[in-house]
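Asker: Okay, here's what each chain looks like letter by letter:
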Amino acid sequence: MFQRSAIVASALLGLSVAASAQAETELVVVSWGGAYTASQQNAYHDPYMKTNSDIKIINDDSAGDAVAKLRAMNEAGNVSWDLVDVVAADAIRLCDEGLAEVIDHDDALAPAPNGMSASQDFGDLLVSECFIPQIVYSTVFGYRNDLVPEPMTSVCDVFDLAKFPGKRSLEKRPINNLEWALICDGVDPAGVYDALATDAGVNRALAKLDTIKGSVIWWEAGAQTPQLLADGEVVVGSTYNGRLFALIEEQKQPVSMLWDWQVFDLDGWIVPKGTKNKAEVMEYLRFATDTQRLADQAKYISYGPARKSSAPLIGKHASLGIEMAPHMPTDPNNSKTTLLYNYEFWADNRDDIDVKWNAWLMQ
Amino acid sequence: MPEQILSAGRMPLKKALAASQRKDKLTAFLMVAPLLAFILITFLMPIVDMLYRSVDNSIVPETLPRTVVAIEEWNPDTTELPSEAVYAALHADIAAASEQRTHTRVGQRLNYENPGISSLFRSAGRKLKTIKAGPYKEAMIAQDKRWGDTDKWRTIQTFSKSFTWGYFVNAFDGRFNNAGGIELRPENERIYMFLMWRTVVMSLTITLMTLLLGFPIAYLLAIVPTRISNLLIILVLLPFWTSLLVRTTSWIALLQQQGVVNDFLVLLGLLSEDGRLVMMYNSTGTMIAMTHILLPFMVLPLYSVMKTISPSYMRAAISLGAHPWRAFWRIYFPNTIPGIGAGGILVFILATGYYITPALVGGNDGVFISNRIAYNISLSLNWGLAAALSVILLALVMVMFIVYDNIVGINNIKVGS
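So the sequences go chain by chain: A and B. The end of the first sequence is residue 363 by the numbering used here, with every number in the run present. The end of the second sequence is residue 417 by the numbering used here, with every number in the run present.
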């Protein structure tokens, strides 16, 4: 009898412990891992958890296949993620598929310090009703300044094998490469997408890429180009600007930036449909996407904040102590010639052009 | 009539036996039930689901129920647009679907067949609301001239049924033409059949290379004393336990143009600085890295079979006057065939499904069909096409299996002794 009551007592104790643990809500935040998740941890998660002791943020690094996993979770009826970091093109796709919550930006997000509403502050970066932009990043070239005869200044230098011999690394997908090829083949940059909408335009771009095809190493993961540059395996290659910043400023490799015709893209949050902690997530989002927080993130990684009001607040790198503003893709010196990823065009034509692209690769 | 034999409980013996056997059978079934359920849930159901997805098109008739009925009447061979009734039906369907936000999903689905429909449907969800009353035809075309494109309507009509062969047609590099038939895509859009072919050829080559490399290793393991062979087995298994990514990237460090092997050859003066070999980011790279990664799957079944072959067979053959080579070829080798079969099938099947290694080291002529399946799963969300490609790959592996069964015999396979 005594034994039984002891068991009951310990079971009750266990229940009460479990109950007190339940007061803490765990938010599963999915992001890209590495230095990027670390910058979010420092700028958003840690300050938020300090003031909200009932919230525990758990990082999940599987943003790379978030779209497929979200669909699988949705079909299984068990969405275990609360917030997901995706690129804008995927946010549009998830919104179209009904896998992301529609957000009323002005209602859900904090206004700028000067009172400007969130939708004005983000401006035309709000490319989808489900998407809350965080950063502006760009796909851009870096080159080995010790292996080229003179500094590279134009993206068309990438196509100039006579002046800059050696291998190049390009991303193994049509997006960005076709645009650069057309610009360097003399197409008016404003008319690039009109040209790509036709078969002839795609063929023209591929013909231009044919001139360097034998000297290209194709990459699929963002870390490959920095490694290839560090090994001297390529003289010039495209990747995300934050990766090149780390290569140049943190690892001190003899690499320089070639900002000409960098392609801006956006990365930000979506709230998966079916999350069990929607109220908590929305509260967290209001904090994590305010003007100061977005500016803070730039201390840890060289991606530009998506709010206009954050730009003046960008400071120095947290550990290197260098001014971050000149390393931002949005800095006026770096953004003389830029393209913005054309979401609508690629959402319509990506699969179709991708098949042609792969047929061309295999020739 | 012969007297029935009765059991102790005065029951006919046959019945009693059946009853007790039924109990045994039930117990046996209950014991395997968890495993059976596990296999059903984790293996068979996904395959059935995949088969279903490769032909499922229910999203179109479910989201556009009025349109698919109305458009049946329309003759797609004419250059004439569908009638006002079809436009009115689509207007009503999209209005209803945009409440549920499903119009964009069906737009995505049809966009796989006809680029541009995705944005057409997305903007229609926003804009069609402004058209309050008919006639809809002129109003819709005025809003977006793509509604006046017979090509878009033809796609809607072709894919209006609950089931479609469309994904398989795509997977065989085909498409539906205007006359309702199936034709091959233009040359610059054909990729899948070629990739399928390359996957099989390269997987077979990799299987052959693992056999050539693995056979002597397994033989050595089988003939040396156990003390030494245990040590050697660890050497075989060590890379097996190392992460796949680590092994793949190690090969990059070794074989790239500025890599260790090229540096060494240049240092020795065997290669000039400009003549560095290209061994990475092409099919050679894929072949070398995958042969290394899959080698243990060949060595281990071979070893376990060779271990059971008594050395006295060879001795007997030699003592009867056979040359050692002939003794090996006529006596030892045939005994190892079950191991070769097991290892070969294992390596071949694993090789056809690999996609990380080809993606990293394959460049553009070393990628497999699985890389395209991965693209359709995770990037384009075209799970129907991914399912159709997987079904074809599965069928291909099964055909190879049957061929093997006919030539060598499946009962001959041995993984352990």
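I should point out that these hints are in silico values taken from the structure, not numbers from a laboratory. Quick caveat, the model's predicted, so the values are computed rather than measured. Check each hint, because a few of them may be wrong.
Here are the simulated BS3-like pairs of lysine-lysine, each with C-alpha atoms no more than 30 angstroms apart in a straight line [what the hints assert, rightly or not]:
(1) A:K273 with B:K129
(2) B:K137 with B:K127
(3) B:K127 with A:K163
(4) A:K308 with A:K273
(5) B:K23 with A:K69
(6) A:K273 with B:K137
(7) A:K50 with A:K213
Every beta carbon over 12 angstroms from chain B, so not counted as near; a handful from chain A, in silico [to be verified]:
(8) I58
(9) N145
(10) Q251
(11) N277
Built from N, CA and C at the ideal position, the CB exists for glycine as well.
Asker: Could you run down the list of hints and mark each one as holding or not?
Answerer: These are the hints, each one checked on the structure:
1. A:K273 with B:K129: holds (25 angstroms)
2. B:K137 with B:K127: holds (14 angstroms)
3. B:K127 with A:K163: Distance of about 52 angstroms is beyond 30 angstroms: violated.
4. A:K308 with A:K273: holds (28 angstroms)
5. B:K23 with A:K69: violated (45 angstroms)
6. A:K273 with B:K137: Between K273 (chain A) and K137 (chain B) the Cα gap is close to 35 angstroms, so the pair fails against 30 angstroms, i.e. violated.
7. A:K50 with A:K213: Given pair K50 (chain A), K213 (chain A) is violated - Cα atoms ~52 angstroms apart, limit 30 angstroms.
8. I58: holds (23 angstroms)
9. N145: holds (17 angstroms)
10. Q251: holds (17 angstroms)
11. N277: Answer for N277 (chain A): holds, closest chain B Cβ roughly 22 angstroms.
The structure fails hints 3, 5, 6, 7 (numbered hints given earlier, in ascending order).
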